[in-house]
Amino acid sequence: MNSLELINVRKAYGKTPVLDDISLALEPREFVAFLGPSGSGKSTLLRIIAGLETADAGEVRLDGRRIDQLPPGDRGVAMVFQHYALYPHMTVRGNMAFGLKNAHVPPAEIAARVAEAARILEIEAHLDKRPGQLSGGQRQRVAIGRAIVKHPRLFLLDEPLSNLDAALRMRTRLELADLRQRVDAAFVMVTHDQAEAMTLADRIVVMNDRRIQQVGAPMEIYLRPANSFVARFVGSPAMNLLPVEPVANGALVRVRLGDGAEVETRVALNGFGGGTLELGLRPENVEVTAPGGGTTDAKVELVERLGERTLVYAKLRSGDEITGEDEGNSRVRVGDVVGLRIKGERAHLFDAQGVGHHAEAGA
Amino acid sequence: MNRDRMPPLALVLTLVGAAAMVAPLVWTVLLSLKSNAELLQDTGAAFRGPYTLENYGAILKGDMVFRWLLNSLIVSLGTTAGVLALSSLAGFAFARLDFPFRRTLFVFVLLGLAIPEQAVILPQHRLFAWLGLHNSYPGLILPGLVGSFGVFFMTQYFRGLPRDLDEAAALDGASTFQIFARVLLPLTVPAQATLGVFTFLGSWNAYWWPLISATTSDRFTLTVGLASAQANYAQTNGLGYLMAQAVFASLPILIVYVLFQRQIVNAIGGAVK
Ligand SMILES: Nc1ncnc2c1ncn2[C@@H]1O[C@H](COP(=O)(O)OP(=O)(O)OP(=O)(O)O)[C@@H](O)[C@H]1O
Ligand SMILES: [Mg+2]
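Here the protein sequences come in this chain order: U and H.
Heads up: the first sequence is residues 1 to 363, going by the numbering used here.
Heads up: the second sequence is residues 1 to 273, going by the numbering used here.
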């Protein structure tokens with residue numbers, strides 16, 4: 001049986017559609033991350049699942065039970081808010097116990113659950129403090145604790161880590177990974193942060209323009225982006241997308257860059273109906289070499305030294321921008337002309353509709 | 001505001017201002033401590049001895065004074081409690097609930113701010129006569145409950161509370177009333193204190209309506225009662241007695257002020273800011 005199931009969910013605010021025909025099913029205990037640019041409807045979808053917003057059409061099911069008609073408190077979901085939303089006048093203990101009291105859980109049971117959550121989250125020392133007396137990281141833990149004690153079937157997390165500094169974010173990310181091992185529940189997390197989505201999620205749902213663009217395991221999204229939006233949005237630095245012309249010969253597509261250089265891809269030729277094409281290349285598949293030593297040459301516009309590798313932003317003679325990679329101690333400087341060795345076997349092609357075509361599996 | 005250091009000029013000006021405010025109060029207290037006979041000859045006698053408590057004694061001997069004090073307390077506390085309860089409920093409703101004509105009704109509330117007591121006092125008097133509520137506590141309390149200000153004030157305060165809290169509580173299984181009573185209401189305590197203090201002071205100092213509505217002396221509030229006593233005995237009891245009445249009537253206000261100093265300062269500071 002599916003854990004969470006969304007069936008043709010639609011939502012508009014007034015005349016502005018925000019979600020179009022969203023369908024998705026989660027495995028039991030699955031951790032899914034919604035990734036997408038601002039305004040793509042991630043929070044709205046989360047709020048529809050929680051019952052804080054009503055969908056205009058469609059169904060929401062949890063463990064086979066239809067929940068979209070139920071009030072938020074009866075759905076078996078718990079939510080961690082971006083700004084924590086702790087009750088300022090209650091102690092940490094009171095915050096965690098509030099939902100359980102409303103559900104008429106016996107006091108002894110409440111005490112036991114709060115104690116357990118406090119132990120897991122290491123906030124036992126703060127149980128009698130108010131949220132105002134806690135640091136941001138501690139508040140975040142309380143917010144998570146408030147969700148845990150409810151023993152929900154589904155956790156909803158709206159950018160749970162975005163208010164934490166880098167170190168704390170790392171640590172809390174690990175703790176979330178640990179938490180999901182302990183609890184028998186599914187997770188839906190909204191995030192802007194790809195690294196967060198990549199490390200935590202079993203599957204990533206990329207959203208844009210009111211729709212789900214792609215659903216897949218993190219590496220699948222990275223290696224086989226369904227369309228040019230996903231290709232551009234996932235991965236940092238972003239994938240190069242270069243306009244190319246197909247040069248038909250053989251069973252695999254061979255393309256010509258704007259400057260005339262040709263690249264042999266491993267993408268099968270069948271199914272292409274002409275029209276414009278875009279060649280997708282991750283920077284790690286564009287290797288910087290000596291001038292004339294690669295597929296083509298380019299002029300360096302910007303050099304970004306990251307330590308273990310160097311990113312080289314360059315321009316082809318045709319004017320197309322391309323990002324390549326060099327080793328950490330690269331000597332390349334702005335203004336240099338360098339060679340670029342393009343690993344065509346790792347290239348992607350996007351047709352006029354933006355649909356992605358990839359090398360045969362295993363490449 | 002920078003609490004640490006005030007520029008000297010500002011300090012001097014503040015002190016001058018404070019002195020100007022305090023001087024009449026001190027003067028009133030000194031006058032109240034003088035015998036009326038002495039003041040009859042020379043009001044400047046207030047600034048030298050001998051001082052006496054005889055005027056206060058005279059007030060306390062008036063057989064109705066404690067009754068009036070009690071009436072004032074009942075009316076002021078009743079009004080304050082009523083205003084807080086109604087304003088909180090209405091404020092929550094306007095800020096958070098969706099009901100028909102909400103916007104229109106709120107406009108009426110705002111219009112209410114613009115209507116002075118004088119404009120409605122005649123029909124109000126007729127209404128209470130018809131209801132048979134003159135010379136009763138409800139008659140003194142009810143008109144004070146319909147003020148727009150409290151509703152407006154609490155609406156704004158509820159609007160300022162993050163909606164996240166309502167939503168977190170909804171997910172915690174709280175009903176709308178529980179969200180109001182258990183989650184949001186406790187957070188409005190500062191606003192309650194401010195509104196409560198202002199309502200209490202306004203009600204305590206109210207004169208016109210109690211004067212009109214309460215015609216038997218056992219229903220007088222302190223302001224009306226003291227005024228009536230003074231009208232009766234103005235010739236025989238002089239300036240000192242009058243001032244002692246003023247001090248006596250202000251005492252509860254002073255107590256309220258001392259107890260709620262912080263809220264009052266915050267409220268006024270907030271209004272100025
Ligand atoms: N209450 C509302 N009324 C009207 N429009 C709304 C409302 N809430 C959200 N929207 C609109 O719906 C769209 C989706 O909003 P949503 O908050 O779901 O985006 P998001 O993907 O969570 O964005 P972000 O990453 O910035 O949080 C946006 O265009 C937003 O302006
Ligand atoms: Mg959002």
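No wet-lab data here; the hints were simulated from the structure.
Glycine is no exception: its CB is placed at the ideal position from the N, C-alpha and C atoms.
Honestly, I wouldn't trust all of these hints.
Claimed, not checked - Here are some chain U residues pointing at chain H (derived, C-beta under 8 Å):
#	residue
1	Tyr13
2	Leu52
3	Gly76
4	Ala78
5	Met79
6	His83
7	Pro88
8	His89
9	Gly94
10	Ala103
11	Pro107
12	Tyr222
13	Tyr313
14	Ser318
Said to hold, decoys possible - Calculated from the model, a selection of chain U residues having no Cβ within reach of chain H, i.e. all distances over 10 Å:
#	residue
15	Asp74
16	Leu86
17	Gly99
18	Asn208
19	Lys343
20	Arg346
Okay, the hints, checked on the actual structure:
no.: 1; hint: Tyr13; verdict: violated, 15 Å
no.: 2; hint: Leu52; verdict: holds, 5 Å
no.: 3; hint: Gly76; verdict: violated, 11 Å
no.: 4; hint: Ala78; verdict: holds, 7 Å
no.: 5; hint: Met79; verdict: holds, 5 Å
no.: 6; hint: His83; verdict: holds, 6 Å
no.: 7; hint: Pro88; verdict: holds, 6 Å
no.: 8; hint: His89; verdict: holds, 4 Å
no.: 9; hint: Gly94; verdict: violated, 10 Å
no.: 10; hint: Ala103; verdict: holds, 5 Å
no.: 11; hint: Pro107; verdict: violated, 16 Å
no.: 12; hint: Tyr222; verdict: violated, 33 Å
no.: 13; hint: Tyr313; verdict: violated, 41 Å
no.: 14; hint: Ser318; verdict: violated, 51 Å
no.: 15; hint: Asp74; verdict: violated, 7 Å
no.: 16; hint: Leu86; verdict: violated, 8 Å
no.: 17; hint: Gly99; verdict: violated, 3 Å
no.: 18; hint: Asn208; verdict: holds, 26 Å
no.: 19; hint: Lys343; verdict: holds, 48 Å
no.: 20; hint: Arg346; verdict: holds, 45 Å
The structure is inconsistent with the numbered hints 1, 3, 9, 11, 12, 13, 14, 15, 16 and 17, although it conforms to all the rest.
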